[in-house]
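For the protein sequence lines, the chains are R and F, in the order given. Per the numbering used here, residue 1 is the first one in the first sequence, and the count goes up by one each step. Per the numbering used here, residue 1 is the first one in the second sequence, and the count goes up by one each step.
Honestly, the hints are just simulated from the structure, not real lab data. Treat the hints with care, since some could be wrong.
No distinction is drawn between identical chains; accordingly, a pair holds when it is met within one copy or between any pair of copies.
Here are the computed lysine-lysine pairs in the DSSO-like style, where the Cα-Cα straight-line distance is at most 30 Å [stated by the list, open to error]:
(1) 334 / 397
(2) 340 / 286
(3) 305 / 574
(4) 504 / 574
(5) 256 / 146
(6) 260 / 504
(7) 146 / 260
Number of protein chains: 2
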Amino acid sequence: MYRTHNNGGLRAANIGETVTLSGWVQKSRDKGFMIWVDLRDRYGITQLIFDEERTPKDVMESARDLGREFVVQVTGEVIERESKNPKMPTGDIEILVKELKVLNSSRTPPFTIETETDGGEDLRMKYRYLDIRRNPVKEKLIFRHKVTIAVRNYLSEQGFIEVETPYLIKSTPEGARDFVVPSRMNEGQFYALPQSPQTFKQLLMVGGMDKYFQIVKCFRDEDLRADRQPEFTQIDCEMAFVEQEDILNVFEGLTKFLLKEINGVEINKFPRMTYDEAMARYGNDKPDIRFGMEFGELNEVAQHKGFNVFNNADLVVGIAIPGGAQYTRKEIDKLIDWVKRPQVGALGMVYVKCNEDGTYKSSVDKFYDDQDLAKWAEKTGAKPGDLICVLSGESQKTRAQLSALRMEMAERLGLRKADEFAPLWVVDFPLLEWDEETERYHAMHHPFTSPKPGQLEMLDSDPGAVKANAYDLVLNGNEIGGGSIRIFDSETQSTMFDHLGFTKEEAQAQFGFLMEAFKYGAPPHGGIAFGLDRLVAILGGQETIRDFIAFPKNNAGRDVMIDAPATIDDAQLKELNLKVTL
Amino acid sequence: MYRTHNNGGLRAANIGETVTLSGWVQKSRDKGFMIWVDLRDRYGITQLIFDEERTPKDVMESARDLGREFVVQVTGEVIERESKNPKMPTGDIEILVKELKVLNSSRTPPFTIETETDGGEDLRMKYRYLDIRRNPVKEKLIFRHKVTIAVRNYLSEQGFIEVETPYLIKSTPEGARDFVVPSRMNEGQFYALPQSPQTFKQLLMVGGMDKYFQIVKCFRDEDLRADRQPEFTQIDCEMAFVEQEDILNVFEGLTKFLLKEINGVEINKFPRMTYDEAMARYGNDKPDIRFGMEFGELNEVAQHKGFNVFNNADLVVGIAIPGGAQYTRKEIDKLIDWVKRPQVGALGMVYVKCNEDGTYKSSVDKFYDDQDLAKWAEKTGAKPGDLICVLSGESQKTRAQLSALRMEMAERLGLRKADEFAPLWVVDFPLLEWDEETERYHAMHHPFTSPKPGQLEMLDSDPGAVKANAYDLVLNGNEIGGGSIRIFDSETQSTMFDHLGFTKEEAQAQFGFLMEAFKYGAPPHGGIAFGLDRLVAILGGQETIRDFIAFPKNNAGRDVMIDAPATIDDAQLKELNLKVTL
Numbered sequence: 001m002y003r004t005h006n007n008g009g010l011r012a013a014n015i016g017e018t019v020t021l022s023g024w025v026q027k028s029r030d031k032g033f034m035i036w037v038d039l040r041d042r043y044g045i046t047q048l049i050f051d052e053e054r055t056p057k058d059v060m061e062s063a064r065d066l067g068r069e070f071v072v073q074v075t076g077e078v079i080e081r082e083s084k085n086p087k088m089p090t091g092d093i094e095i096l097v098k099e100l101k102v103l104n105s106s107r108t109p110p111f112t113i114e115t116e117t118d119g120g121e122d123l124r125m126k127y128r129y130l131d132i133r134r135n136p137v138k139e140k141l142i143f144r145h146k147v148t149i150a151v152r153n154y155l156s157e158q159g160f161i162e163v164e165t166p167y168l169i170k171s172t173p174e175g176a177r178d179f180v181v182p183s184r185m186n187e188g189q190f191y192a193l194p195q196s197p198q199t200f201k202q203l204l205m206v207g208g209m210d211k212y213f214q215i216v217k218c219f220r221d222e223d224l225r226a227d228r229q230p231e232f233t234q235i236d237c238e239m240a241f242v243e244q245e246d247i248l249n250v251f252e253g254l255t256k257f258l259l260k261e262i263n264g265v266e267i268n269k270f271p272r273m274t275y276d277e278a279m280a281r282y283g284n285d286k287p288d289i290r291f292g293m294e295f296g297e298l299n300e301v302a303q304h305k306g307f308n309v310f311n312n313a314d315l316v317v318g319i320a321i322p323g324g325a326q327y328t329r330k331e332i333d334k335l336i337d338w339v340k341r342p343q344v345g346a347l348g349m350v351y352v353k354c355n356e357d358g359t360y361k362s363s364v365d366k367f368y369d370d371q372d373l374a375k376w377a378e379k380t381g382a383k384p385g386d387l388i389c390v391l392s393g394e395s396q397k398t399r400a401q402l403s404a405l406r407m408e409m410a411e412r413l414g415l416r417k418a419d420e421f422a423p424l425w426v427v428d429f430p431l432l433e434w435d436e437e438t439e440r441y442h443a444m445h446h447p448f449t450s451p452k453p454g455q456l457e458m459l460d461s462d463p464g465a466v467k468a469n470a471y472d473l474v475l476n477g478n479e480i481g482g483g484s485i486r487i488f489d490s491e492t493q494s495t496m497f498d499h500l501g502f503t504k505e506e507a508q509a510q511f512g513f514l515m516e517a518f519k520y521g522a523p524p525h526g527g528i529a530f531g532l533d534r535l536v537a538i539l540g541g542q543e544t545i546r547d548f549i550a551f552p553k554n555n556a557g558r559d560v561m562i563d564a565p566a567t568i569d570d571a572q573l574k575e576l577n578l579k580v581t582l
Numbered sequence: 001m002y003r004t005h006n007n008g009g010l011r012a013a014n015i016g017e018t019v020t021l022s023g024w025v026q027k028s029r030d031k032g033f034m035i036w037v038d039l040r041d042r043y044g045i046t047q048l049i050f051d052e053e054r055t056p057k058d059v060m061e062s063a064r065d066l067g068r069e070f071v072v073q074v075t076g077e078v079i080e081r082e083s084k085n086p087k088m089p090t091g092d093i094e095i096l097v098k099e100l101k102v103l104n105s106s107r108t109p110p111f112t113i114e115t116e117t118d119g120g121e122d123l124r125m126k127y128r129y130l131d132i133r134r135n136p137v138k139e140k141l142i143f144r145h146k147v148t149i150a151v152r153n154y155l156s157e158q159g160f161i162e163v164e165t166p167y168l169i170k171s172t173p174e175g176a177r178d179f180v181v182p183s184r185m186n187e188g189q190f191y192a193l194p195q196s197p198q199t200f201k202q203l204l205m206v207g208g209m210d211k212y213f214q215i216v217k218c219f220r221d222e223d224l225r226a227d228r229q230p231e232f233t234q235i236d237c238e239m240a241f242v243e244q245e246d247i248l249n250v251f252e253g254l255t256k257f258l259l260k261e262i263n264g265v266e267i268n269k270f271p272r273m274t275y276d277e278a279m280a281r282y283g284n285d286k287p288d289i290r291f292g293m294e295f296g297e298l299n300e301v302a303q304h305k306g307f308n309v310f311n312n313a314d315l316v317v318g319i320a321i322p323g324g325a326q327y328t329r330k331e332i333d334k335l336i337d338w339v340k341r342p343q344v345g346a347l348g349m350v351y352v353k354c355n356e357d358g359t360y361k362s363s364v365d366k367f368y369d370d371q372d373l374a375k376w377a378e379k380t381g382a383k384p385g386d387l388i389c390v391l392s393g394e395s396q397k398t399r400a401q402l403s404a405l406r407m408e409m410a411e412r413l414g415l416r417k418a419d420e421f422a423p424l425w426v427v428d429f430p431l432l433e434w435d436e437e438t439e440r441y442h443a444m445h446h447p448f449t450s451p452k453p454g455q456l457e458m459l460d461s462d463p464g465a466v467k468a469n470a471y472d473l474v475l476n477g478n479e480i481g482g483g484s485i486r487i488f489d490s491e492t493q494s495t496m497f498d499h500l501g502f503t504k505e506e507a508q509a510q511f512g513f514l515m516e517a518f519k520y521g522a523p524p525h526g527g528i529a530f531g532l533d534r535l536v537a538i539l540g541g542q543e544t545i546r547d548f549i550a551f552p553k554n555n556a557g558r559d560v561m562i563d564a565p566a567t568i569d570d571a572q573l574k575e576l577n578l579k580v581t582l
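Model the full structure from these sequences, guided by the hints.
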């Protein structure tokens with residue numbers, strides 16, 4: 001037996017006991033006649049003491065040779081510490097070592113295994129197994145486990161059944177790219193890895209499973225943006241005999257439960273907002289509502305006053321930055337530079353200082369007097385002391401730009417508090433969105449989403465205006481879940497494929513099995529999928545997901561630790577009837 | 001809202017309530033003035049009654065058109081049934097229907113959606129979503145969910161952390177074939193799907209996670225034998241600072257818990273047996289010990305008596321079949337034919353009838369007298385009335401043949417009882433096994449398994465004799481789990497790769513990251529993996545796994561429902577820099 005206790009558990013009550021501990025040498029202080037060693041494992045740190053007068057000579061000598069991250073086993077007596085450390089759970093005691101066994105030595109680690117490390121991102125990823133020894137990473141993985149156990153038990157108690165759906169499925173060109181898997185036994189044919197278990201969960205509903213969930217890996221071969229992973233995890237859910245309201249209630253329940261269980265935060269009722277309203281008020285379909293700075297539309301009060309920039313714009317819109325009136329000219333210029341960065345893309349920014357004395361000072365004083373600007377203040381909710389920032393141009397772009405500014409300012413002003421949680425349902429999403437590149441409409445959610453009742457006919461006359469029974473759950477400005485009520489009759493599904501530009505043959509080849517299934521008594525159904533990586537990160541008070549994933553890939557989709565992907569044997573390729581054409 | 005109750009919940013106490021139900025039409029009996037419909041969902045069946053006198057006329061007419069598997073919503077009053085059905089939980093009541101809405105129609109299903117169906121395997125797989133509506137399949141999926149929730153909660157309470165390891169990893173030619181996944185972003189390179197998270201869980205131990213588990217899909221591109229799937233699920237576990245005894249205790253605990261929780265069976269202590277003993281006593285490293293028929297080795301008492309077949313054999317070995325003495329000559333001939341089938345491969349079989357009067361009658365009476373045969377009976381534990389069946393030849397093959405006979409006879413005699421559970425640890429497996437085809441030793445478990453202390457040196461002198469710290473958990477004649485204590489220093493690991501025929505370069509290219517990790521303070525560690533599909537099937541009293549998998553693949557690795565794998569677009573191939581060479 002390697003240990004009688006772990007390194008987090010011994011207390012004053014154990015004084016006098018002989019114990020055996022194992023773990024890693026966190027650090028060692030050699031005072032000559034005495035050596036102290038911090039012994040670490042997953043559970044904590046226990047201080048070991050080697051004392052010339054009380055520790056056998058050979059043990060004392062071995063102790064001197066211990067390096068950082070050596071793995072050792074010690075046996076000794078639990079004694080009271082002379083100088084107690086109230087910050088450590090084990091701070092009242094130390095182990096007077098009698099026996100020491102080096103289980104494994106260690107090279108000097110390439111970065112310090114401490115909460116604050118000197119290791120850069122690349123080094124930490126290459127030696128991820130060392131990074132995981134660090135408290136912040138280890139705690140995040142344990143946190144993730146706690147969240148998934150809580151999710152599973154909650155849904156299970158609500159009557160949901162976790163069903164494993166297959167990973168080796170069929171490629172569907174719609175949407176993002178699939179990863180494909182050549183089949184050796186079916187020559188020249190390929191499986192695809194699922195982007196989500198969408199069709200399978202729908203088939204489970206056709207199969208009468210009624211309430212399904214699965215915590216499941218999904219795969220997308222996309223060019224990776226920052227903080228995206230080619231493999232990611234979803235909490236995938238589906239219910240039969242439900243309307244949108246049922247789904248919203250059930251998963252509001254789950255999210256409330258998590259916030260209470262994991263974060264100790266109680267939230268009574270999640271607010272709801274239509275997509276259109278979210279875009280108008282926040283310029284964003286996943287608004288962070290922990291803070292205000294809502295959009296004020298200024299067309300009515302700012303156009304036709306001789307300022308051509310505004311006159312020619314589809315939309316003139318502003319936000320009030322709390323306390324911004326005191327910004328210096330230089331600070332405001334920097335803000336203007338910020339919105340003009342290519343990542344944001346505004347052509348310029350108009351500002352209005354709302355002075356404490358009720359007067360205004362703007363960058364467009366030539367065109368607008370205090371009375372005009374008072375109206376701007378009213379529309380943006382600006383108070384004396386605030387700074388109104390105004391952007392204009394094509395509606396959608398301008399909203400996106402102002403939303404970026406709003407988020408940036410909230411960040412700078414410390415309004416995005418990690419321990420504050422503001423969930424929000426965004427509902428009534430458009431069914432379709434126009435894709436500039438392919439010059440056609442795409443399904444905004446996916447091709448299985450049902451239009452709002454009675455709007456199917458509008459698909460011909462005004463496709464962009466058709467709303468869907470689709471909803472997103474937003475938490476602190478991040479989409480943590482999204483779903484829809486599905487089409488459940490084969491005729492509507494077929495119509496939908498037509499409108500999305502599928503030929504009958506394509507639709508049949510890719511989704512024939514689903515339309516066939518709909519002919520055998522498909523029940524009304526709908527569902528939702530949560531992005532687990534993101535959900536866990538946000539519950540953990542963070543926005544980057546990488547440290548909540550044990551072995552993440554880098555932005556090139558590589559695992560730099562194991563050095564994958566890699567070339568494979570010619571023999572392997574030959575067996576698969578494949579040739580690399582480089 | 002589609003329903004106020006499900007179809008399994010209404011009782012006499014609900015009589016008088018107005019309820020709304022939704023579900024599938026299981027069957028319909030039209031008596032003219034009255035129509036009864038069985039309405040089914042996941043939760044049960046509720047009887048609907050449409051009565052000319054009490055149901056609106058239009059509803060009555062719609063009811064007449066209902067076909068099997070139509071999806072309907074009804075509203076009506078819960079009334080007392082005239083003829084109650086005590087076999088159904090809802091058998092005391094029926095619903096007097098006032099409103100009926102057909103939510104979806106159904107074509108006539110290709111097979112009956114009943115417990116006993118007329119659908120063959122192929123048809124059921126093609127329409128798996130209909131098959132899942134059948135109770136036996138649905139119940140198995142729910143059963144699987146119960147097992148996984150129980151496993152997760154038990155391990156979590158024992159301090160295990162579920163960590164998700166990556167699915168897109170690196171190909172390693174050792175062992176079974178990997179499925180590979182071409183990378184678009186890393187031209188000409190491939191990921192591989194994991195055959196198990198073996199190296200990652202070991203890295204998690206190096207990373208100090210201490211106790212890891214994961215219920216995880218694994219992939220093997222093998223030619224499929226019956227009841228094998230290209231993707232399968234493991235309960236994968238690993239612990240640091242453990243010896244074999246620790247692992248056995250922890251996972252005996254898990255298995256005991258499952259047997260108690262899921263099957264209501266209490267088992268005190270699992271027996272243990274070495275591999276050598278299992279082979280000697282049962283000819284099998286996963287013996288079913290629910291019954292006896294242990295092997296009796298007869299070399300000592302059967303050789304050198306003039307019977308050349310036995311004299312020339314490495315091994316002469318028999319079992320006693322209870323009550324077999326009464327088999328007719330014809331029945332025995334059929335048994336002999338059975339062992340001579342190519343799947344078993346024996347050249348013949350000698351038998352001895354142990355008569356009730358203490359005399360013997362054998363097929364080799366020419367060579368052996370009653371005194372000789374009495375010794376055979378003693379060695380095989382045969383009692384009067386039993387039949388001793390004896391095989392001979394090369395030891396390993398003969399044992400396998402007799403084991404097959406033993407299992408077959410147990411099956412025929414009803415000794416393999418589904419509700420009886422006999423777990424067994426088999427320990428001290430050989431480290432290596434000789435592979436006839438490649439003419440070299442392979443790791444019996446995998447290359448990371450540690451040899452028994454002090455046996456590393458024997459790798460040169462007598463590699464086949466080296467025993468490993470490896471163990472299997474056997475349940476009712478099936479291996480449900482297997483694992484080992486791992487090598488945890490890079491030097492031993494490197495030696496092991498040498499003996500397995502890896503060049504230094506190959507070992508470095510494939511497992512360099514692991515050997516590197518071992519240089520930074522790897523702790524002693526070991527683990528186990530359970531085959532979830534098999535475990536669930538056996539706990540469920542079955543031996544075939546297919547119905548415990550929602551969407552299984554057939555023996556050619558195909559999903560016949562979605563028709564995968566399939567060919568992919570040339571554009572997709574081009575993006576991946578691949579060409580199919582058929």
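Comparing the hints with the structure gives:
{"no.": "1", "hint": "334 / 397", "in the structure": "within (21 Å within a copy, 83 Å between copies)"}
{"no.": "2", "hint": "340 / 286", "in the structure": "within (23 Å within a copy, 71 Å between copies)"}
{"no.": "3", "hint": "305 / 574", "in the structure": "neither (73 Å within a copy, 57 Å between copies)"}
{"no.": "4", "hint": "504 / 574", "in the structure": "between (35 Å within a copy, 25 Å between copies)"}
{"no.": "5", "hint": "256 / 146", "in the structure": "both (15 Å within a copy, 24 Å between copies)"}
{"no.": "6", "hint": "260 / 504", "in the structure": "neither (49 Å within a copy, 54 Å between copies)"}
{"no.": "7", "hint": "146 / 260", "in the structure": "both (13 Å within a copy, 25 Å between copies)"}
Checked against the numbered hints given earlier, this structure breaks hints 3 and 6; the rest are met.
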